[in-house]
Amino acid sequence: MASRRTNRLAPLAIALTTVAALASPAHAADSKTIVRTALQEGVFVGQMSDGIAGKIQTITRSSSPVQAKVVLVKRFKDVGCGRLKFTLGQEAVPTIGGGNQPFETTFEMNVCADGSYPSDGVNIAQFPVPPQPSSKDFK
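Residues -28 to -1, 1 to 111 in mature numbering (1 follows the signal peptide of the UniProt record, and there is no 0) are what the sequence shown spells out, letter by letter.
In case anyone wonders, no lab produced these hints; they're calculated from the structure.
Heads up, some of the hints might be wrong.
With beta-carbon atoms standing in for the labels, derived distance ranges [claimed, not checked]:
# : residue 1 : residue 2 : range
1 : 31        : 51        : 26 to 36 Å
2 : 92        : 72        : 37 to 47 Å
3 : 33        : 59        : 12 to 22 Å
Positions of the beta carbon are idealized from the N, C-alpha and C atoms, including for glycine.
The task is simple: from the sequences and hints, build the whole structure.
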């Protein structure tokens, strides 16, 4: 009888373990890893751990971890390139009134996994400043 009960509970244990693994937060990642993951897998959700996170913490005057959600909005014809939507935030950011509140900012950026800009996705002629060379120009 005990073996029947164990056999019935096995699928439940597997399901609960899977849900717990999926619900656990991602490890902290640097901005390059975040961009590459979002471009490859379509999304990154987790904590940011590099100098950019430190700069955000300095600006907000909060030591709370910087959480990042980066979603692939559009793939471009260049391999490894796309438009990413970044949502960055912190939980406890000091306010002028002395309290704390959550902070969040969202922006989009066209980028390639190697850090350069894609050749498609933007009409460069619409910008008055000449474009700067990317790493692709030096290869």
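(message) Verify the CB-CB distance for residue 33 and residue 59 against the hinted window 12 to 22 Å.
(response) At roughly 20 Å between Cβ atoms, residue 59 and residue 33 fall inside 12 to 22 Å, so the hint holds.
(request) Could you tell me whether the CB distance from residue 92 to residue 72 stays inside 37 to 47 Å? (result) Because 43 Å falls inside the window, the suggested range holds.
(message) I want to verify a distance hint. Is the separation of the beta carbons of residue 31 and residue 51 within 26 to 36 Å?
(response) Holds, at about 34 Å.
The structure shown violates none of the earlier numbered hints.
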